[in-house]
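These are the residues of each chain, in order.
There are 2 protein chains.
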Amino acid sequence: MEQNQRYSLVERPAGMPDENHLKLEDAPMPTVGDGELLLRTIYLSLDPYMRGRMNAASSYAQYVELGDVMTGRTVSEVVASKSDDFKPGDIVLSENGWQRYAAVPVASVRKLDPEQAPVSTAVGILGMPGLTAYVGLLDLAQPKAGETVVVSAAAGAVGQVVGQLAKMKGCRVVGVAGAEDKCRHVVEAYGLDACINHRDSDFFDQLKAACPDGIDVYFENVGGHVFDSVMQLVNDFARIPVCGRIAHYNQTELPTGADRLIPFMGKVLIKRLMIRGFIQSDHWDRLPAFQADMSRWIREGKVKYQEDIVDGLENALSAFQGLLEGANRGKLLVQVSSDPTQR
Amino acid sequence: MEQNQRYSLVERPAGMPDENHLKLEDAPMPTVGDGELLLRTIYLSLDPYMRGRMNAASSYAQYVELGDVMTGRTVSEVVASKSDDFKPGDIVLSENGWQRYAAVPVASVRKLDPEQAPVSTAVGILGMPGLTAYVGLLDLAQPKAGETVVVSAAAGAVGQVVGQLAKMKGCRVVGVAGAEDKCRHVVEAYGLDACINHRDSDFFDQLKAACPDGIDVYFENVGGHVFDSVMQLVNDFARIPVCGRIAHYNQTELPTGADRLIPFMGKVLIKRLMIRGFIQSDHWDRLPAFQADMSRWIREGKVKYQEDIVDGLENALSAFQGLLEGANRGKLLVQVSSDPTQR
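Same order as they appear, the protein sequences are chains A and B.
One point on numbering: in my numbering, the residue at position 306 of the first sequence is 306, and numbering is uninterrupted.
Take any residue in the second sequence, note its place counting from 1, add 1000, and you have its number in my numbering.
Wrong hints could be hidden among the right ones.
As the list claims (entries may be wrong) - Under the rule of at most 25 Å between Cα atoms (straight-line distance), these lysine-lysine pairs were calculated in the DSS-like manner:
hint	chain 1	residue 1	chain 2	residue 2
1	B	1267	B	1144
2	B	1267	A	271
3	B	1169	B	1302
4	B	1111	B	1087
5	A	267	B	1271
6	A	267	B	1087
7	A	144	A	271
8	B	1144	B	1169
9	B	1087	B	1169
10	B	1144	B	1302
11	A	267	A	208
12	B	1271	A	271
What the hints contain is simulated information worked out from the structure, not anything from laboratory work.
In isolation and in its complexed conformation, chain A is listed as follows (with noise of 0.2 Å):
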């Protein structure tokens, strides 16, 4: 019989979080119940969003508590089945969370189709990053054709989906990453106009120089000097849509200095800009349209995407490390064990 394995919140990070936060250990091999199914873990999607699940504050989602395996979405195979509708060797989406095996109900999980297409993308383009770069972008932002979009994480899971959507509507696209490979990617395999190294000294004059005619739509997803400087560069009547705010998720202390709250709101009325939040599992009325959509987007090639795939369960902790750093190139997954559809 094989060994469980997981990675369990033990200590509440303040900072970047490390082993003495997520804590790699083994456990007992879950039991099956009525109803349930036990899932292997394929691929491990690591995403920013959990680093606020860290933290025992209140946001949007339930927060880990102390002692649980941390949560996350996988791409699993049914091991052994207590349903009807499941059997050993099905394909499904679920929530193992940071672990090899999970014992979980069949209404949390969706089962998958290897034929549609590769079955890590359910975590990534045709999952939860895919659909935040949909709605954010085409439901809430409504680029127009001739508008400048600027879409920061450029090459991350969530900003490569933006980018090459906003092109698909006839937009001038410029992308923000934090390496000049990244950004040559962006521009060369998603087709954006110009894409800028965000750790550059004269970033603020090369995103000023890449949007002549300033910025319509600014896909927020990073926070930091790269919000600071589109602000100075936003047109009036623009539109901010707001899915994540990465280069905060580790900060312990505010700058001092100026409160810049008050001029930003003034900029909010004399522009008449448009701040949104927005979480996709808000939106899964649209996730129909976009599964349609961003299928046949993908088969006809007009939506590419990179995948960044890093082997082993005991790999998780460093990889998300350097996920919250940028270091990932492309939609952050960890290979937990073999993909039998890849066989």
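Starting from the known structure of chain A, fit chain B onto it as the hints suggest.
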């Protein structure tokens, strides 16, 4: 022959404008060209946005040049007409500015029908302030029955309309104003569920008690500590239309301390807020519907309004100073000359 008299902007104010910045002076009577009207100002509308026009900063409208007459909307009587479409005695909505007489092109005025409504309402509840309330609340915030709506400056030109429209929508409506008599008026005359005096030392506690289910819509036109208090009470998916920030218009220095913009944007994300700056002049497509609805509501007694009419152009500056400090009671107007429709 009568003499013209006007307020000229002779120096740009840093904080509160006074007689060093706006100078009351005699001026020659304007000459009337072809296709123009000579107008006598009856009512001059005083509105908070005027403070911004005194600054040489880019905003949504052109600022006033030094030496020019201070701009402002007026209700005026035609004294002389070089157009077949207007005759002496006609009452028009115009932009005479802070002066007794103006010569303006016909295309810049709109004829008013004194039979339909008191002509002063053309710069009040049936004009720009009314449209601001209508668009901001109904189109942008879209309150639903049972939700809690908070409106600041609840006794003012815009706020008094917002509160009543929100009541019509079946909301719990809590006003905020800066004096006990204003708060009483808002509750008694407009039917709001409560109105809190923001000058009370326990303002936040009172606001919290008046909003037991949190705040779903905040109609923002003041900024300052009212905004800060509301932000602590907003519910998920709250909508915040922003049409003014009067608490900051005379501000010369930003408070220092922690940079509150960062936690603010965090809250925007976590609570999925919609922050939306707007100005009524971007929504003139809504003018016909607004005027039809609002004049009907006034006739039916569903919407009431209060005007604060100050007598004499020479009192315009002190009245405007009072407006910025909250001294007015309802929509502030200056009666520059007698209203022939009220004889």
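Among all the numbered hints in the text so far, which are the ones the structure does not match?
The structure conflicts with hints 6, 9, although it agrees with all the remaining ones.
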